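Q: Numbers 1 to 289, taken from my numbering, label the letters of the sequence shown in order.
Simulated from the structure, these hints should not be mistaken for laboratory data. Just so we're clear, the structure is a prediction, and the values are computed from it rather than from any experiment. Careful: at least some of the hints might be erroneous.
To be verified - Here are the in silico distance ranges between beta carbons for each label pair:
#1 Lys243 <-> Gly153: 17 to 27 angstroms
#2 Thr26 <-> Trp196: 39 to 49 angstroms
#3 Asn202 <-> Met129: 22 to 32 angstroms
#4 Asp187 <-> Ala28: 48 to 58 angstroms
#5 Leu160 <-> Ala204: 14 to 24 angstroms
#6 Ala134 <-> Ser18: 23 to 33 angstroms
#7 Arg113 <-> Pro35: 45 to 55 angstroms
Unchecked claim - Quick list of in silico lysine to aspartate or glutamate cross-link-like pairs, DMTMM-like style, CA-CA up to 20 angstroms:
#8 Lys48 <-> Asp251
#9 Lys248 <-> Asp49
#10 Lys233 <-> Asp75
#11 Lys248 <-> Asp75
#12 Lys111 <-> Asp49
Ideal placement from N, C-alpha and C gives every residue a C-beta, glycine not left out.
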Amino acid sequence: MTNTNLISRPGRIISPISLLIWIILTSALVFTLMPIVFMFSASMMPSKDILKMPFPWIPKEFHWQNFTKAIAGNDGSFIFIRNFSNSVIVSAVVTVTTVILSSMTGYGLAKFRFKGRNIVFLAIMATMMIPFEAIMIPLYLVATKLHLQNSYGGLIIPFLVNAFGVFMMRQYLLPFPDEFLDATRIDGAGELSIFWHIVLPNCAPAIATLSILTFRSQWDNLLWPLLVAQSEKMKTLPLYIVKFAAEKYTDEGAMMAVAVLGSIPMLILFFTMSRYFVSGASVFSSRKG
Numbered sequence: 001m002t003n004t005n006l007i008s009r010p011g012r013i014i015s016p017i018s019l020l021i022w023i024i025l026t027s028a029l030v031f032t033l034m035p036i037v038f039m040f041s042a043s044m045m046p047s048k049d050i051l052k053m054p055f056p057w058i059p060k061e062f063h064w065q066n067f068t069k070a071i072a073g074n075d076g077s078f079i080f081i082r083n084f085s086n087s088v089i090v091s092a093v094v095t096v097t098t099v100i101l102s103s104m105t106g107y108g109l110a111k112f113r114f115k116g117r118n119i120v121f122l123a124i125m126a127t128m129m130i131p132f133e134a135i136m137i138p139l140y141l142v143a144t145k146l147h148l149q150n151s152y153g154g155l156i157i158p159f160l161v162n163a164f165g166v167f168m169m170r171q172y173l174l175p176f177p178d179e180f181l182d183a184t185r186i187d188g189a190g191e192l193s194i195f196w197h198i199v200l201p202n203c204a205p206a207i208a209t210l211s212i213l214t215f216r217s218q219w220d221n222l223l224w225p226l227l228v229a230q231s232e233k234m235k236t237l238p239l240y241i242v243k244f245a246a247e248k249y250t251d252e253g254a255m256m257a258v259a260v261l262g263s264i265p266m267l268i269l270f271f272t273m274s275r276y277f278v279s280g281a282s283v284f285s286s287r288k289g
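Please put together the full structure from these sequences, using the hints given.
A: Here it is as structure tokens:
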């Protein structure tokens, strides 16, 4: 008797449901990658080729001048290099500090028993419900009073503590065996030593996931730098891209080139830590508080 619900292949039996899922996932992958492929292809084409229909996905000639224009800027000042460096510095400092503080706080909330622990945790989680736009003006007024405008401090300090990071690290550390920590304390290890040499090395997937999410959030941050960075030398890459696109709106190749340059650090970070990121995301999604 033939099963009409199955499709036979040499060595395999594929159900229609599996085939449908495969088609949906493949379609999603194609639609996700198409804008990225378009961006990279268009960045190496002259503008006249970008506007052709159908779009020539493989450049007939490589137009490297697009990248020269993107780096030199509209006025030839090469301010792109400074703005790019600002984004790297701000994103890196915020990411490292967020990972350390979130790990410490999450470790304390997960493994230390003290009165009011759950209240503290709920208070931290409550801040996640407040949109940034609601506290943006008070933050700006505080930054102005402290003279943090046009400084790295103004760009970095408001984002050093991340409620989501605390939540994520706490959830990841909850199943960590208390017996193992108690054994190291009996051996004479201090709490700081336990944290640095035992807890952190065992949190690599969670740290990688939090690092990528935090770095991406800061790398794409436009609204806050728009408020506190009026000086051209203190502006970050998103502000540069917005200004460049507004002044070069007829030069599609140069706009795509600056978009490619802005994407490279995130792509490098993701592919460097992708193994840990996928592992951390899957483990985190399967854990409950």
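Q: Should the hint that Lys243 and Gly153 are 17 to 27 angstroms apart at their CB atoms be regarded as holding?
A: holds (23 angstroms)
Q: Holds or violated: are the alpha carbons of Lys248 and Asp49 at most 20 angstroms from each other?
A: holds (17 angstroms)
Q: Is the distance from the Cβ of Asp187 to the Cβ of Ala28 consistent with 48 to 58 angstroms?
A: holds (50 angstroms)
Q: Given the range 14 to 24 angstroms, decide if the beta-carbon distance of Leu160 to Ala204 lies inside it.
A: holds (22 angstroms)
Q: Need the status of pair Lys248, Asp75: alpha-carbon distance at most 20 angstroms?
A: Since the Cα atoms of Lys248 and Asp75 sit roughly 11 angstroms apart, the hinted pair holds (cutoff 20 angstroms).
Q: Given the hinted pair Lys111 and Asp49, is their Cα-Cα distance within 20 angstroms?
A: violated (60 angstroms)
Q: Quick one: are Ala134 and Ser18 within 23 to 33 angstroms, going by C-beta?
A: The hinted range 23 to 33 angstroms is violated for Ala134 and Ser18, with Cβ atoms some 45 angstroms apart.
Q: I want to verify a distance hint. Is the separation of the beta carbons of Arg113 and Pro35 within 45 to 55 angstroms?
A: Given range 45 to 55 angstroms: holds, Cβ gap about 49 angstroms.
Q: Do the beta carbons of Thr26 and Trp196 sit within 39 to 49 angstroms of each other?
A: holds (44 angstroms)
Q: Does Lys48 pair with Asp251 here, judged by a C-alpha cut-off of 20 angstroms?
A: Given pair Lys48, Asp251 holds - Cα atoms ~9 angstroms apart, limit 20 angstroms.
Q: Is it true that the CA of Lys233 sits at most 20 angstroms from the CA of Asp75?
A: holds (14 angstroms)
Q: Holds or violated: 22 to 32 angstroms for the Cβ distance of Asn202 and Met129?
A: This hint holds: roughly 30 angstroms between Cβ atoms.
The structure is inconsistent with the numbered hints 6, 12, although it conforms to all the rest.
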